[in-house]
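Chains as they are written, first to last, in my numbering: chain A, 13 to 116; chain B, 13 to 116; chain C, 13 to 116; chain D, 13 to 116.
Be aware that a few hints might be false.
[Said to hold, decoys possible] Label pairs and their calculated CB-CB ranges:
1) Glu67(A) x Gly80(D): 36 to 44 Å
2) Gly102(B) x Arg114(C): 35 to 43 Å
3) Pro97(D) x Pro97(A): 36 to 44 Å
4) Gly80(D) x Asp61(A): 16 to 24 Å
5) Glu39(B) x Leu94(A): 44 to 52 Å
6) Val64(D) x Lys48(B): 40 to 48 Å
7) Met13(A) x Arg71(B): 29 to 37 Å
8) Gly112(B) x Gly102(D): 49 to 57 Å
9) Gly113(C) x Asp95(A): 48 to 56 Å
10) Ser27(B) x Met13(C): 39 to 47 Å
11) Pro97(A) x Arg109(D): 34 to 42 Å
12) Phe77(C) x Arg71(B): 27 to 35 Å
13) Phe77(C) x Asp61(D): 29 to 37 Å
14) Glu45(C) x Thr63(A): 36 to 44 Å
These are calculated hints, taken from the structure and not from any lab test.
Cβ atoms here follow ideal geometry from the backbone N, Cα and C, with glycine treated the same way.
Protein chains: 4
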Amino acid sequence: MAVCSVSVVPVGTGSTSMSSSVAKCQEILEHTEGVKFQLTPMATILEGDLTVILEAVRRMHHVPFEHGAKRVLTTVIVDDRLDAPLTMQGKIESVRRKLGGRGR
Amino acid sequence: MAVCSVSVVPVGTGSTSMSSSVAKCQEILEHTEGVKFQLTPMATILEGDLTVILEAVRRMHHVPFEHGAKRVLTTVIVDDRLDAPLTMQGKIESVRRKLGGRGR
Amino acid sequence: MAVCSVSVVPVGTGSTSMSSSVAKCQEILEHTEGVKFQLTPMATILEGDLTVILEAVRRMHHVPFEHGAKRVLTTVIVDDRLDAPLTMQGKIESVRRKLGGRGR
Amino acid sequence: MAVCSVSVVPVGTGSTSMSSSVAKCQEILEHTEGVKFQLTPMATILEGDLTVILEAVRRMHHVPFEHGAKRVLTTVIVDDRLDAPLTMQGKIESVRRKLGGRGR
Chain A
13 MAVCSVSVVP VGTGSTSMSS SVAKCQEILE HTEGVKFQLT PMATILEGDL TVILEAVRRM
73 HHVPFEHGAK RVLTTVIVDD RLDAPLTMQG KIESVRRKLG GRGR
Chain B
13 MAVCSVSVVP VGTGSTSMSS SVAKCQEILE HTEGVKFQLT PMATILEGDL TVILEAVRRM
73 HHVPFEHGAK RVLTTVIVDD RLDAPLTMQG KIESVRRKLG GRGR
Chain C
13 MAVCSVSVVP VGTGSTSMSS SVAKCQEILE HTEGVKFQLT PMATILEGDL TVILEAVRRM
73 HHVPFEHGAK RVLTTVIVDD RLDAPLTMQG KIESVRRKLG GRGR
Chain D
13 MAVCSVSVVP VGTGSTSMSS SVAKCQEILE HTEGVKFQLT PMATILEGDL TVILEAVRRM
73 HHVPFEHGAK RVLTTVIVDD RLDAPLTMQG KIESVRRKLG GRGR
């Protein structure tokens with residue numbers, strides 16, 4: 013199980029807004045079996061099998077093209093470990109424990 | 013006002029855990045005036061004046077060195093716009109509106 | 013055709029060196045049909061069909077695990093456009109033309 | 013001494029070209045004392061003191077705003093180590109040695 017962040021940026025659309033594109037990417041994830049996801053202000057975070065995640069990334073990357081963009085920049089960061097289970101919630105809890113329960 | 017994501021990775025420490033380092037970076041942010049922040053499973057997100065944020069990033073980048081790491085990789089993504097106010101909350105709300113109020 | 017940068021970072025190995033891992037990733041690319049690549053001081057850059065590239069990234073991501081690492085962070089940035097051919101060489105030449113032929 | 017990659021992306025300009033912006037960022041670097049740099053197809057790579065580099069990044073980030081962009085996304089990756097000198101050339105040579113002198 014890997015945890016990944018994904019950000020898909022349409023370039024040259026003439027609009028500074030990216031929220032429509034992010035919303036459509038989220039709709040793809042709602043229909044992707046086996047992937048948990050969470051929206052953050054800078055990226056969407058995915059948790060699941062890496063092969064399934066990379067296939068979801070490929071489809072998210074194509075979303076702006078389907079809505080008229082001619083150029084797309086997609087940034088993916090994969091965090092993957094073998095020695096312990098890796099989950100979005102586990103990563104956050106691990107930091108909060110070290111902060112004595114506080115932490116935003 | 014800019015919104016940025018920051019991830020600080022100690023390399024060659026012999027430990028696969030990064031939560032202590034993330035927690036110490038968060039303590040720096042708790043003492044940084046004028047910067048809002050939010051922990052996510054893949055990065056810490058900062059909101060504030062870009063110059064103040066970059067100075068906080070510089071201090072976060074040094075945290076693992078102060079705790080024995082010999083190499084550190086820090087990834088920063090800055091999102092900055094002039095045509096509308098940019099906040100962490102505003103970015104999330106903008107996507108949720110397009111999803112008809114749902115969205116994780 | 014897309015151009016991508018890929019960086020694969022072993023975490024918790026006890027060694028600050030990453031060059032062995034980068035070299036082994038490069039050997040994978042030498043045996044990947046249809047992908048051009050170029051080593052830079054911060055990432056390996058790939059040019060080719062996006063599906064082929066993402067499959068190469070998946071294999072590069074597994075290299076450190078095969079050599080004992082227990083955690084791996086992989087960063088991928090995909091640049092993809094429909095309105096003009098996108099190549100590593102073309103991107104550099106386009107900047108150099110704007111610099112009047114100079115440029116490093 | 014740190015080695016960093018920097019990529020500055022204008023958003024919402026109506027143009028898919030980014031080479032003018034990259035060229036203007038390069039002109040900033042030509043006038044920055046103490047920073048070596050190298051253009052690659054995906055990012056500009058900088059070598060120098062981290063404080064000087066972060067100040068150069070801040071100025072590069074503002075380039076698209078000065079030429080009409082209303083939103084800018086800048087990605088910075090910092091590689092910094094204390095146990096050995098870190099240079100762009102040294103990083104490449106270290107990989108090439110492991111490849112027996114070959115390597116692109």
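(request) Go through the numbered hints given earlier and state which of them the structure violates, listing their numbers in rising order. (result) Violated hints: 4, 5, 6 and 14; rest satisfied.
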